[in-house]
Amino acid sequence: MNYSDKVVDHVEHPRNVGSLDAQDPAVGTGLVGAPACGDVMKLQIRVSDAGVIEEARFKTFGCGSAIAASSLVTEWVKGRTVEQALAISNREVAEELALPPVKIHCSVLAEDAIHAAVADWKRKKGK
Amino acid sequence: MTDPFAALGLPRAQALDLADLDRRLRERAREVHPDRFSRAPAPERARAAAASAALHAAHRALKDPLARAEALLALAGRSVQGARPAPEFLEAQLAAREAIARGDGADARESARVALAGCERKLAELLAPGAGVAALDGAVAALVEARFHASLLRAAGDPPATPRPGQDR
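First to last, the protein sequences are chains A and B. Counting along the first sequence from 1, when you hit position 73 you're at 73 in the working numbering, and nothing is skipped either side. Counting along the second sequence from 1, when you hit position 30 you're at 30 in the working numbering, and nothing is skipped either side.
For reference, chain B alone in the conformation it holds in the complex:
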């Protein structure tokens, strides 16, 4: 895969200043903006358009903490595909989903929010520069669990988390 961190000139790390991320996108996207190439020869225009698309794709891959963790794991040659969540974890997920479907899911939602935040903290730790290869198994496990919590919260109608600038530092 292409390296979204390199595309935006960032170190490969889970912890990230979102305001800085947005600023980097703005600065770099400006240089390849289609308006600046409207009178350029077609091949150059196409190159600029591709570069612009790549910058926005990199930004998307890094903005969401779970997508960012997935990108870091992919760069390390790891993936959540094939990971099997523990049976007890799935039982708990099923019970929580059923409670939400019954309209009785306030507790399930709250615990999912807390658990998701916990997973994100763990990912920041395990996917820090220098955390080492040994931390990757834990990071895969934390990302898988986070996906279930995030999926539950989406199903429960929770708005997607919109982190404040700098909050995710």
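Looking at chain A on its own, in the form it has when it is part of the complex:
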């Protein structure tokens, strides 16, 4: 597997690795898994009262593409509203990282993780 330079960069210098307090009502946690390869991805967002994502963290256990996809989306969601974050598509992620067809599911996983994190935040907010 030859990774693109962007994937290598994210794997060597992952952005926003770590955790936020899952009990914090302003934090949404998305935990997803890839059924085809067994990768596990956790994405967390801290959302302001105005609905803007102020902080994002991830922990991914999987291949380089999955790590890069989650690292990239933590950068992309920061400063966006939750609705804007939901508009991020796996295709954009795959294009940005130049993922080959066999690794598209990694970008799908990252999109799923955003949706799961936002859903968790909305559930906590009672929205």
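Hint data in this document are derived by calculation from the structure and do not stem from the laboratory. Yeah, the Cβ is synthetic: ideal placement off N, Cα and C, and Gly gets one too. Incorrect hints may appear among the rest.
Only some residues are given here: those of chain A computed to face chain B with a beta carbon under 7 Å [unchecked claim]:
hint, residue
1, L31
2, G33
3, P35
4, A36
5, G38
6, V40
7, F61
Please build the complex by placing chain B on the supplied structure of chain A, with the hints as guidance.
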């Protein structure tokens, strides 16, 4: 997809004698070996090379128990794509992965080994000839869980399982 079982003359079943699988590959690959076609006309040579590649691909698809289960499910028109593991299962996987990353994952590894073996037993049962269509949902679920355990074990540096001949019968 092409049928790897048919390519090697085997019944469609999860249970498999690995020594027999290897023997079938050797016998069939010999007949289409490039050396036997070195002086054959180009189209015939190309056909033999393609046949040889197909045999090796079929062997690869059947040698690993999880790949074999995936092949059987694909032949039944099923796939793990889109399957969603239960949240509790993912929580447990995350905890196990974190323990391994901390260097504290001996227990997590052992339970993954046990769980993977359990999934493989379940797959052999659910993907036996005559197990029926109703068993396929369970087989998809078992394969998904097995993928997580296998991925964890790879991450933990476990050598890939090299089954002894006949062990997987």
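How the hints compare with the structure:
no.: 1; hint: L31; result: holds, 5 Å
no.: 2; hint: G33; result: holds, 5 Å
no.: 3; hint: P35; result: holds, 4 Å
no.: 4; hint: A36; result: holds, 6 Å
no.: 5; hint: G38; result: holds, 3 Å
no.: 6; hint: V40; result: holds, 5 Å
no.: 7; hint: F61; result: holds, 4 Å
Hint check: no violations occur; every hint is consistent with the structure.
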